[in-house]
Amino acid sequence: MKILITYYSGTGNTEKVANAIKDGIIGHEVDIFPVKQVDPTILKSYDMVFLGSGIYGFAINRKVTNLMKKATGLPSKFIYFYTHQSPNPWPEAFKSIESILERNKCEILGEFECCGENLKMTEEQRQTAMKNLPPEKRKEMEEHFRVVKGHPNVEDLENAKKFAQLIVNKI
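The sequence shown begins at 24 in this note's numbering and counts up one residue at a time.
Treat the hints as calculated values from the structure; they're not laboratory data.
Source: prediction; values computed, not measured.
A couple of the hints might just be wrong.
[Claimed, not checked] Cross-link-like lysine-lysine pairs, in silico, BS3-like; alpha carbons within 27 Å at most:
hint	residue 1	residue 2
1	LYS45	LYS172
2	LYS193	LYS25
3	LYS67	LYS185
4	LYS25	LYS185
5	LYS193	LYS100
6	LYS193	LYS67
7	LYS25	LYS128
8	LYS118	LYS39
9	LYS184	LYS118
[Said to hold, decoys possible] Computed beta-carbon distance windows for the label pairs:
hint	residue 1	residue 2	range
10	GLU134	LYS86	16 to 22 Å
11	ASN42	THR145	25 to 31 Å
12	GLU178	GLU134	15 to 21 Å
13	GLY173	ALA82	20 to 26 Å
14	SER109	GLU178	14 to 20 Å
15	GLN188	ARG126	29 to 35 Å
16	ASN127	ARG149	38 to 44 Å
17	ILE123	ILE194	20 to 26 Å
18	PHE56	GLU181	21 to 27 Å
19	ARG85	GLN148	18 to 24 Å
20	ASN89	GLU159	36 to 42 Å
21	GLN60	LYS143	19 to 25 Å
Glycine included, C-beta positions come from ideal geometry on N, C-alpha and C.
Let the sequences and hints guide you as you build the complete structure.
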């Protein structure tokens with residue numbers, strides 16, 4: 024099977040997950056590229072695409088959306104993966120491309136998500152973001168920032184690798 028892993032990664036977190044996914048796929052032809060390096064006309068030459076992004080303002084990066092809008096043909100199988108700093112996953116993250124996939128009769132085989140520390144957010148920016156929160160919410164956010172520090176970690180990346188193995192072995 025010919026598989027493409029493509030992603031947008033603003034901080035490097037989603038790129039780490041993409042590489043772990045690649046490590047989990049054995050015995051298949053696998054290409055891995057950031058979305059900016061993918062020609063939209065070649066998507067149709069793959070049997071399966073792992074499509075990834077960090078979550079920015081509750082959505083995938085527009086470069087991922089633009090790639091999908093420009094595609095001239097799509098493979099029938101897609102898998103989503105994303106990283107996020109929020110306390111909870113965002114299941115609506117790929118909503119901006121759902122109609123494209125539906126129109127092309129693509130099947131979504133699965134979705135992988137994990138927390139990712141926002142490496143571009145300074146401590147000063149964190150404090151500013153929390154300064155007007157009620158004390159209980161502020162405490163909750165401080166705890167969350169502590170918990171996501173260092174993610175994706177070794178366990179997250181191992182989970183991404185296992186996820187890819189499960190998906191590919193189902194086909």
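Going through the hints against the structure:
no., hint, verdict
1, LYS45 with LYS172, "holds (24 Å)"
2, LYS193 with LYS25, "holds (15 Å)"
3, LYS67 with LYS185, "holds (26 Å)"
4, LYS25 with LYS185, "holds (19 Å)"
5, LYS193 with LYS100, "holds (12 Å)"
6, LYS193 with LYS67, "holds (21 Å)"
7, LYS25 with LYS128, "holds (19 Å)"
8, LYS118 with LYS39, "holds (23 Å)"
9, LYS184 with LYS118, "holds (25 Å)"
10, GLU134 with LYS86: 16 to 22 Å, "holds (19 Å)"
11, ASN42 with THR145: 25 to 31 Å, "holds (26 Å)"
12, GLU178 with GLU134: 15 to 21 Å, "holds (18 Å)"
13, GLY173 with ALA82: 20 to 26 Å, "holds (25 Å)"
14, SER109 with GLU178: 14 to 20 Å, "holds (19 Å)"
15, GLN188 with ARG126: 29 to 35 Å, "holds (30 Å)"
16, ASN127 with ARG149: 38 to 44 Å, "holds (41 Å)"
17, ILE123 with ILE194: 20 to 26 Å, "holds (22 Å)"
18, PHE56 with GLU181: 21 to 27 Å, "holds (23 Å)"
19, ARG85 with GLN148: 18 to 24 Å, "holds (22 Å)"
20, ASN89 with GLU159: 36 to 42 Å, "holds (40 Å)"
21, GLN60 with LYS143: 19 to 25 Å, "holds (22 Å)"
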